[in-house]
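Build out the structure end to end from the sequences listed, making use of the hints.
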Amino acid sequence: MGRRRQSRFDLPPRLYEHHGSYWYRPRYGKPINLGKDLATAKRKWAELEDPACEKGSLDSLIDWYLAEVAPMKAPRTFSDNKKEAVYLKKGLGHIPFRELRPHHIATYRDARAKDAPVRANREKALLSHVFTKAMERGWVDVNPCAGVKRNTETKRERYIEDEEFWKVYELAEPSVRRMMTLIYRTAQRPEDLLKCGHTNIKKIRHGNEELRVLRFTQGKTGATVDVRIEGDLERIVDECLAEKVVRPYFVHTRQGKRYTYDGIASMFRRYVAAAEIVDFGMYDLKGKAATDMYRSGVPLERIQHLLGHTSITTTERYIKARLPDLVESNKVEMRKPEDHGEKISATGG
Numbered sequence: 014m015g016r017r018r019q020s021r022f023d024l025p026p027r028l029y030e031h032h033g034s035y036w037y038r039p040r041y042g043k044p045i046n047l048g049k050d051l052a053t054a055k056r057k058w059a060e061l062e063d064p065a066c067e068k069g070s071l072d073s074l075i076d077w078y079l080a081e082v083a084p085m086k087a088p089r090t091f092s093d094n095k096k097e098a099v100y101l102k103k104g105l106g107h108i109p110f111r112e113l114r115p116h117h118i119a120t121y122r123d124a125r126a127k128d129a130p131v132r133a134n135r136e137k138a139l140l141s142h143v144f145t146k147a148m149e150r151g152w153v154d155v156n157p158c159a160g161v162k163r164n165t166e167t168k169r170e171r172y173i174e175d176e177e178f179w180k181v182y183e184l185a186e187p188s189v190r191r192m193m194t195l196i197y198r199t200a201q202r203p204e205d206l207l208k209c210g211h212t213n214i215k216k217i218r219h220g221n222e223e224l225r226v227l228r229f230t231q232g233k234t235g236a237t238v239d240v241r242i243e244g245d246l247e248r249i250v251d252e253c254l255a256e257k258v259v260r261p262y263f264v265h266t267r268q269g270k271r272y273t274y275d276g277i278a279s280m281f282r283r284y285v286a287a288a289e290i291v292d293f294g295m296y297d298l299k300g301k302a303a304t305d306m307y308r309s310g311v312p313l314e315r316i317q318h319l320l321g322h323t324s325i326t327t328t329e330r331y332i333k334a335r336l337p338d339l340v341e342s343n344k345v346e347m348r349k350p351e352d353h354g355e356k357i358s359a360t361g362g
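Quick note: the sequence shown, position 60, residue 73 per my numbering, numbers continuous.
The set of hints was computed from the structure by calculation and includes no laboratory data. The structure presented is a predicted model; accordingly, all values stated were derived computationally and were not measured. Idealized CB from N, CA, C, for every residue including glycine. Hints may be right or wrong, so weigh each one.
[What the hints assert, rightly or not] Cross-link-like lysine-lysine pairs, in silico, DSS-like; alpha carbons within 27 Å at most:
#1 Lys95 <-> Lys146
#2 Lys257 <-> Lys208
#3 Lys208 <-> Lys86
#4 Lys162 <-> Lys103
#5 Lys102 <-> Lys146
#6 Lys55 <-> Lys168
#7 Lys215 <-> Lys162
#8 Lys168 <-> Lys96
#9 Lys233 <-> Lys215
#10 Lys233 <-> Lys333
#11 Lys95 <-> Lys180
#12 Lys49 <-> Lys103
#13 Lys86 <-> Lys43
#14 Lys208 <-> Lys96
#15 Lys270 <-> Lys168
#16 Lys96 <-> Lys49
#17 Lys162 <-> Lys208
#18 Lys96 <-> Lys270
[Claimed, not checked] Pair by pair, the computed Cβ-Cβ distance ranges are:
#19 Arg56 <-> Arg132: 29 to 35 Å
#20 Thr53 <-> Ala159: 33 to 39 Å
#21 Ala52 <-> Thr212: 46 to 52 Å
#22 Glu247 <-> Asp128: 56 to 62 Å
#23 Arg56 <-> Thr266: 41 to 47 Å
#24 Tyr296 <-> Asn343: 36 to 42 Å
#25 Arg114 <-> Gly244: 31 to 37 Å
#26 Asp251 <-> His107: 55 to 61 Å
#27 Glu256 <-> Tyr296: 23 to 29 Å
#28 Gly269 <-> Thr53: 39 to 45 Å
#29 Asp128 <-> Val291: 16 to 22 Å
#30 Lys333 <-> Ile214: 29 to 35 Å
Printed below as a string of structure tokens:
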């Protein structure tokens with residue numbers, strides 16, 4: 014239950030004045046500045062409370078979604094949604110959302126595809142979910158995104174060579190080195206690893222052994238994975254536990270705080286640039302881990318469990334995209350017409 018209003022009883026619920034500006038306090042997420050003019054603030058408040066009122070612009074519908082729905086998502090997804098919303102509002106926000114048609118969305122998709130085809134797909138996916146929520150509330154009867162095709166996406170085929178890994182590793186500061194090692198040794202998502210710390214250390218019984226493991230609940234799949242603590246992982250865990258002040262997270266700032274994904278990824282990109290390596294993202298370390306395990310003979314089923322994939326086919330595609338196809342040459346022998354003599358072998362003899 015919210016706090017009782019101490020002043021400005023003339024304002025509607027969740028609308029407050031602070032330092033000369035009017036602010037809307039959504040149920041979830043941060044307050045939204047509605048400006049200094051009361052009449053304008055009340056109109057915007059009405060749109061946020063009920064996007065279906067009055068003009069019902071797509072702008073207001075997206076603002077409602079960002080205030081009431083998106084904050085319940087994982088932090089990285091919420092952050093991505095806010096960035097995607099900027100482009101959607103710029104391109105389509107002026108249109109009353111009940112008048113939005115598939116051809117508007119297709120035009121937007123094509124325009125964005127010139128510079129950012131993959132981002133355009135993510136933005137369309139967000140818009141589709143906005144309309145799904147609007148349908149649930151009876152504000153619209155159809156989702157205009159239905160039937161609008163996505164831009165074609167090519168599979169990520171980049172494989173990071175060992176030499177490239179070590180070039181970046183040697184330049185990186187300790188927190189980035191630790192992050193690189195954790196991703197490669199666990200094959201977990203960077204976002205999940207940034208939340209990992211001493212509370213993830215568990216002891217389990219495996220046969221007659223008692224093992225230490227890192228237990229992850231994957232943010233994307235919801236799967237729980239226990240990764241045995243050994244080798245480089247054991248070194249990192251023991252280093253962290255031996256620090257004078259045990260920090261909550263294995264990868265942390267000098268103040269002991271957790272890095273955001275954007276923060277550590279930005280640092281990583283600087284070291285990649287300094288190493289003069291092209292097209293090397295932090296997520297590529299996860300792909301390298303899975304591919305190297307496959308190459309070394311680890312069964313696909315074990316890699317599937319580590320990655321949290323529900324289908325082994327997904328794991329196979331994930332790995333094979335980074336492996337060049339190796340096929341044998343044509344060894345079928347070809348004969349010349351009888352009057353030309355001997356046959357030709359596949360080796361050209």
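Hints, verified against the model:
1. Lys95 <-> Lys146: holds (17 Å)
2. Lys257 <-> Lys208: holds (20 Å)
3. Lys208 <-> Lys86: Satisfied, since the Cα-Cα distance of roughly 16 Å is no more than 27 Å.
4. Lys162 <-> Lys103: holds (21 Å)
5. Lys102 <-> Lys146: holds (17 Å)
6. Lys55 <-> Lys168: violated (47 Å)
7. Lys215 <-> Lys162: Between Lys215 and Lys162 the Cα gap is close to 45 Å, so the pair fails against 27 Å, i.e. violated.
8. Lys168 <-> Lys96: Distance of about 23 Å is within 27 Å: holds.
9. Lys233 <-> Lys215: Status holds; Cα separation ~22 Å.
10. Lys233 <-> Lys333: The hint holds at about 22 Å.
11. Lys95 <-> Lys180: Not satisfied, since the Cα-Cα distance of roughly 34 Å exceeds 27 Å.
12. Lys49 <-> Lys103: Distance of about 23 Å is within 27 Å: holds.
13. Lys86 <-> Lys43: Judged against 27 Å, a Cα distance of about 14 Å means the pair holds.
14. Lys208 <-> Lys96: holds (23 Å)
15. Lys270 <-> Lys168: violated (35 Å)
16. Lys96 <-> Lys49: holds (25 Å)
17. Lys162 <-> Lys208: violated (36 Å)
18. Lys96 <-> Lys270: With a Cα-Cα distance of about 24 Å, the restraint between Lys96 and Lys270 holds, given a limit of 27 Å.
19. Arg56 <-> Arg132: 29 to 35 Å: holds (31 Å)
20. Thr53 <-> Ala159: 33 to 39 Å: holds (34 Å)
21. Ala52 <-> Thr212: 46 to 52 Å: Holds, at about 51 Å.
22. Glu247 <-> Asp128: 56 to 62 Å: violated (45 Å)
23. Arg56 <-> Thr266: 41 to 47 Å: holds (42 Å)
24. Tyr296 <-> Asn343: 36 to 42 Å: holds (38 Å)
25. Arg114 <-> Gly244: 31 to 37 Å: Given range 31 to 37 Å: violated, Cβ gap about 57 Å.
26. Asp251 <-> His107: 55 to 61 Å: About 58 Å separates the Cβ atoms of Asp251 and His107, which means 55 to 61 Å holds.
27. Glu256 <-> Tyr296: 23 to 29 Å: With a Cβ separation near 28 Å, Glu256 and Tyr296 satisfy 23 to 29 Å, so the hint holds.
28. Gly269 <-> Thr53: 39 to 45 Å: Given a distance of about 43 Å, which is inside 39 to 45 Å, the answer is holds.
29. Asp128 <-> Val291: 16 to 22 Å: holds (19 Å)
30. Lys333 <-> Ile214: 29 to 35 Å: holds (34 Å)
Checked against the numbered hints given earlier, the structure breaks hints 6, 7, 11, 15, 17, 22 and 25 and satisfies all the rest.
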